[in-house]
Amino acid sequence: MAAGKHIVPTISQVVTALIEDGFYLVHVRTTLLEAAQGYFWGNLAAFAVASACLAVPALASILTRIAMTTYSTPTIAVAPLLIVLFDPDQTKVVMAGLSVFFPTLLGTLLGFASAPRAAVEFAHVCGAPQWFTLLRVRLRAAVPSIAGALSLAAPAAMVGAMIGEYLGGDAGLGAQLVQAQQALEVERAWAVAILATLVSTVVYLGIGALARRLAFSDTTTELTGASPDNDGKGGLGGLSRTVASFAMVIVLWYGLVKGLGLSSYIAKTPDQVFSYLFTGPGAGAHLGHMFEQLAQTLRDAAIGYAVGTAVAIAAAALFLSSKLVEGMFLPIVMTLRAVPLVAMTPLIALIFGRGLATVAVLAGAVTFVPTLVIVLAALRAVPKPATELAHVYGMGRMRAFGIQMVYASPALAASARVALPGSILGAVLAEILATGNGIGNVVAISIGSSEYLTLWSALTVLTAVTALLYALLSRLESATFARLTQ
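The sequence shown maps to residues 2 to 487 in the numbering used here.
Bear in mind the hints are in silico, worked out from the structure with no lab data behind them.
On a predicted model such as this, the values are computed, not experimentally measured, just so you know.
We put the CB at the ideal spot given by N, CA and C, even for glycine.
Calculated lysine to any residue pairs in the SDA-like style (CA-CA distance at most 20 Å, straight line):
(1) K324 with V334
(2) K259 with D272
(3) K259 with D88
(4) K324 with A379
(5) K259 with P271
(6) K259 with F87
(7) K324 with I314
(8) K324 with V312
(9) K324 with A378
(10) K324 with M406
(11) K324 with A401
(12) K259 with A248
(13) K324 with R381
(14) K259 with L454
(15) K324 with L380
(16) K259 with Q273
(17) K259 with M249
(18) K259 with V274
(19) K259 with F247
(20) K259 with F275
(21) K259 with L83
(22) K259 with T461
Ranges of calculated distance between the beta carbons of each label pair, as one might list FRET restraints:
(23) L45 with D90: 15 to 21 Å
(24) R214 with F48: 15 to 21 Å
(25) G260 with I446: 27 to 33 Å
(26) L211 with L34: 16 to 22 Å
(27) L253 with E21: 46 to 52 Å
(28) G449 with G354: 20 to 26 Å
(29) K324 with Q91: 45 to 51 Å
(30) G260 with L60: 18 to 24 Å
Please take these sequences and the hints and turn them into a complete structure.
Rendered as structure tokens:
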């Protein structure tokens, strides 16, 4: 019935469109080149920041909070601004680099933290220089974690490049997709979207296989429990680092605007945003409207997060109870990480409409995979006495699974740190391209009407709230883990 409404074409129609258009080889090459450049520079920056955090531990918390800001800012929202401020081709590379920076940084820091403590202390006692410990001990232990981060960063780079093409340019898969949509060529739109998904999947699987092959299979590591954003138990120390991080973000903001000599018509400074929201003419109305739209976005993201988390927990329970089902479906689930949402959003909107269902699908899709992977690993690590006790008392599967979920609750909180900002990205993406609500709609209207102060203010509010949620979830994870280990 959907195919009859020209919403979902048949497979033969999609294949015919691909063949007639020559599989878009020129545009695939363009997107891959942009993504590869962003992948290189983004990962290089992540490795440099991770090394700096290790060399100067006092700066680790501040640097990771600043880096997390880049992750908290939805790329789809900041993309139009970057395209206006910089060269369009360079912007696509920058967006691809921003998409990979924080995931690789987080994976690298966690890998460095997993180095065997005895080996690190032995190198220190022997008088080994810090670079030797970094390269021969910590880097060796971090290879598996870095390998996983690099494989996940590959499709993210593709998504970043495609968002840049989608919003500006005439070459690349993103540009072809928007042209097909504007011309109402449904078969061609599906052909480009499916081709983009296949390319992203191949890149994801290829880099993942290469990274695993380069990993040291004989490396034994011990998790230290350290977290890049762990502020310790002292609330005052955490507060001081938060203030320092905020101050550094403001300084960097001023530095970019003033140092690069950006146009004052387009680029706005922190004091201008503050005046627009709090002290200037009409500030009350501006702030009220911004928070009204933000509330809509957060509601959209919460619905997507709840749906994605519920489905992920159900899938984890199913995989845990059946190795056969896990072997059949887990590889398929993992390839969902490679699906470029910017390519699928218009098609999902065609199928589910421009309302809540589309928001739930998009935000839930971003939430589902990381939650499933992290929770499933935690469920497998539940102490055997706990599961055996449930078996001895003859508890049903549901009650036994509930006991396992208690042990997996810190992992659920940890997955939220990754999934919740992702669900906000999915919600903003749906608002810009489908529903026309929330902060995403504010961003779209601001770009269309050249109201750049409104745009900067919307991005600032969205980023600040997402960063705050991330910090609260980090605290929740630490508190949950401490409560469970008492």
